[in-house]
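Use the sequences and the hints to build the structure in full.
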Amino acid sequence: MALSKTQTESLEDEDSDPITKLSREERIEIASLIANVTSVMRKQLSDLFELPIVRENKAQQQENFTKKEIQNEAETIVAELRDHKPSTSIIGIEQEALQFFDKWRDTIVSRVKEVFKPPEDISGYRAAKSLNEDATHTSSLNQYFETKVIGSGSNDVESDAALIELYPPISTGLYSLPKEKRLSLLRSILLILLSLKNYLAHSRILLIYLTSSLHLPLHALVKEETEVAKGLLEEAINLSGSDEVELRSRSNNLSHICKLGLAGVAGATVIGITGGLATPLVAGAVGTIMGGLGLGATTISGLLGAIAQSSIIIGGLFGAYGAKMTSKAIDSYAKEVNDFKFISLNSFKGQENMLENRRLRVTITVSGWLTQEEDLINPWCVLGRENEVFPLRWELEALRELGNSMNSLVNSTAWKVAKKEIIARTVFSSLMQALWPLSILKVSKIIDNPFSICMNRADKAGIILADAIINKSQGERPVTLIGYSLGARLIYSCLISLAERHIFGLIESVVLMGAPIPSTEAIWRPMRSVVSGRLVNVYSTNDYILAFLYRTWSVQYGVAGIQEIKGQTRVENIDVSEIVNGHLTYRHSVGIILEKIGWENVDKLEVSREN
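When we follow the UniProt record's numbering, the leftmost residue of the sequence shown carries the number 1, and every step to the right adds one.
Hints were generated in silico from the structure; no laboratory data involved. Each hint should be verified, as a subset may be incorrect.
Subject to a maximum C-alpha distance of 27 Å in a straight line, what follows is the list of computed BS3-like cross-link-like pairs (lysine-lysine) [said to hold, decoys possible]:
| # | residue 1 | residue 2 |
| --- | --- | --- |
| 1 | K442 | K419 |
| 2 | K230 | K419 |
| 3 | K117 | K21 |
| 4 | K230 | K43 |
| 5 | K604 | K223 |
| 6 | K230 | K197 |
| 7 | K197 | K420 |
| 8 | K419 | K460 |
| 9 | K181 | K223 |
| 10 | K113 | K197 |
| 11 | K181 | K117 |
| 12 | K179 | K113 |
| 13 | K445 | K460 |
| 14 | K179 | K117 |
| 15 | K442 | K416 |
| 16 | K113 | K223 |
| 17 | K223 | K460 |
| 18 | K420 | K442 |
| 19 | K103 | K197 |
| 20 | K181 | K230 |
| 21 | K113 | K103 |
| 22 | K566 | K43 |
| 23 | K230 | K604 |
| 24 | K117 | K103 |
| 25 | K103 | K43 |
| 26 | K416 | K460 |
| 27 | K566 | K596 |
| 28 | K113 | K21 |
Next comes the structure, spelled out in structure tokens:
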């Protein structure tokens with residue numbers, strides 16, 4: 001019997017699709033690779049809760065701690081830094097963190113097996129079944145795969161040296177496939193992950209490991225994410241064109257943007273919050289629009305699953321429907337904090353093309369003090385377009401007063417004289433032994449009160465930020481947090497709040513610069529547990545201002561902004577003493593610092609203008 005035209009086109013589509021041409025062994029290898037990558041990720045998470053070998057206590061001594069002692073110290077620190085006692089045990093997050101990860105992994109593996117199951121006899125595929133039965137071992141997968149983490153000595157010219165160092169590739173025979181086929185595999189896994197109706201931070205880290213293991217550069221993954229975001233939204237916007245016209249006109253008014261919550265910026269300006277998105281997508285429409293990905297329309301629609309048939313799900317992914325976050329909702333969270341708003345960096349730069357600027361990831365940036373309102377945004381113009389960037393406006397007047405006070409202190413004769421005496425010792429010894437020159441203590445009133453006010457409000461604003469993230473203001477996308485000085489303090493408070501509430505999988509990476517927060521390992525462990533990717537502590541031993549400001553706080557637990565974090569191997573410590581010669585330098589050095597730590601989202605042209 002002759003095939004219909006539709007059937008013929010479908011067969012031609014499959015015949016030209018690299019995914020449908022995968023051999024049985026290659027399909028097994030894909031499942032095996034994902035099994036091993038997720039096992040590495042799980043081990044990193046479980047190792048986080050192992051008893052530390054080295055840990056700094058108040059006397060800077062090494063000693064072993066029981067879990068009870070660690071719990072008591074962690075809770076004591078949090079209680080000292082907050083007005084309320086933690087609602088749950090910080091140490092108690094271990095079980096729930098692992099349970100959350102296992103549930104995510106089981107869902108991923110089940111979907112991958114469903115998609116890549118060999119069409120012929122599946123007896124060889126049963127090797128991957130052990131993943132669902134054993135949460136920690138994958139050595140029995142089969143002869144096709146040998147679990148092995150490759151060091152940074154890979155000689156593949158396609159590989160990214162920084163990527164390999166941060167995310168060591170897992171040994172796989174798939175790396176020998178033609179580059180286009182490896183790219184097809186990567187984009188296929190991305191679509192599979194999105195078919196789960198979210199893009200969790202765990203999913204993003206999985207893709208980074210796969211990129212490394214397939215010997216592809218990180219920008220290849222970023223390109224795929226950008227194209228997929230554009231393809232998904234293009235079809236949705238076509239179904240609500242009238243909303244987009246209205247939103248484009250609104251975006252020209254920065255003051256209006258500033259009055260929106262993150263949902264208003266990351267959600268409403270994407271595709272609208274009205275009923276215009278309710279029309280279901282035609283089954284193959286997304287596949288047709290995203291044909292530039294190199295996959296057949298039928299394959300793309302199949303990989304995306306339900307998300308390919310519902311613009312409502314697409315809207316939820318990008319924040320249009322998240323938790324119905326509106327300006328009023330954020331105001332209800334922010335009763336104790338002034339000016340809690342999010343600003344679209346794209347709108348500030350005049351980049352008005354809504355479709356072109358949508359991304360699958362969100363970055364929230366937080367400045368630590370101000371001398372002018374533009375300081376909320378200007379330091380973050382060095383960030384590239386790989387993410388959607390939203391500087392946070394918070395406590396404008398308090399931060400401006402702090403900035404002016406710090407400038408007054410630094411320019412005072414008393415500080416210039418005192419600094420010479422401090423330099424004769426070390427900044428840390430001055431802090432720990434309270435050996436501050438009398439001349440500087442006499443003028444401390446200039447700065448102590450503004451700093452204390454901002455510290456307390458940063459703690460409160462951090463909890464509000466955690467509320468906004470939990471309520472999916474950003475949609476179902478992973479969030480990266482970057483801040484300096486009091487901005488880093490705010491992010492710290494946010495992470496602790498997420499850990500206390502056992503919220504995982506939402507934060508991709510975090511960079512804290514010159515952070516006025518404890519350096520004790522007992523605090524950084526729960527912070528690390530809610531960050532799926534990189535957690536970076538940027539510090540300077542030359543930051544005498546920070547040491548002086550922090551002297552009346554919990555100095556017995558150290559200061560992250562002037563020293564490294566010990567006892568946590570998965571916290572990156574970056575010494576920028578040669579760049580930062582004082583606390584005020586951070587404001588003008590964000591780009592240089594991000595380049596130094598190998599950040600993936602940096603605009604080199606803007607960095608060159610920073611100097």
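Structure-based check of each hint:
no. : hint        : in the structure
1   : K442 / K419 : 14 Å, holds
2   : K230 / K419 : 53 Å, violated
3   : K117 / K21  : 13 Å, holds
4   : K230 / K43  : 35 Å, violated
5   : K604 / K223 : 18 Å, holds
6   : K230 / K197 : 16 Å, holds
7   : K197 / K420 : 58 Å, violated
8   : K419 / K460 : 33 Å, violated
9   : K181 / K223 : 16 Å, holds
10  : K113 / K197 : 18 Å, holds
11  : K181 / K117 : 18 Å, holds
12  : K179 / K113 : 23 Å, holds
13  : K445 / K460 : 23 Å, holds
14  : K179 / K117 : 22 Å, holds
15  : K442 / K416 : 14 Å, holds
16  : K113 / K223 : 26 Å, holds
17  : K223 / K460 : 37 Å, violated
18  : K420 / K442 : 17 Å, holds
19  : K103 / K197 : 15 Å, holds
20  : K181 / K230 : 22 Å, holds
21  : K113 / K103 : 16 Å, holds
22  : K566 / K43  : 20 Å, holds
23  : K230 / K604 : 24 Å, holds
24  : K117 / K103 : 21 Å, holds
25  : K103 / K43  : 15 Å, holds
26  : K416 / K460 : 34 Å, violated
27  : K566 / K596 : 21 Å, holds
28  : K113 / K21  : 16 Å, holds
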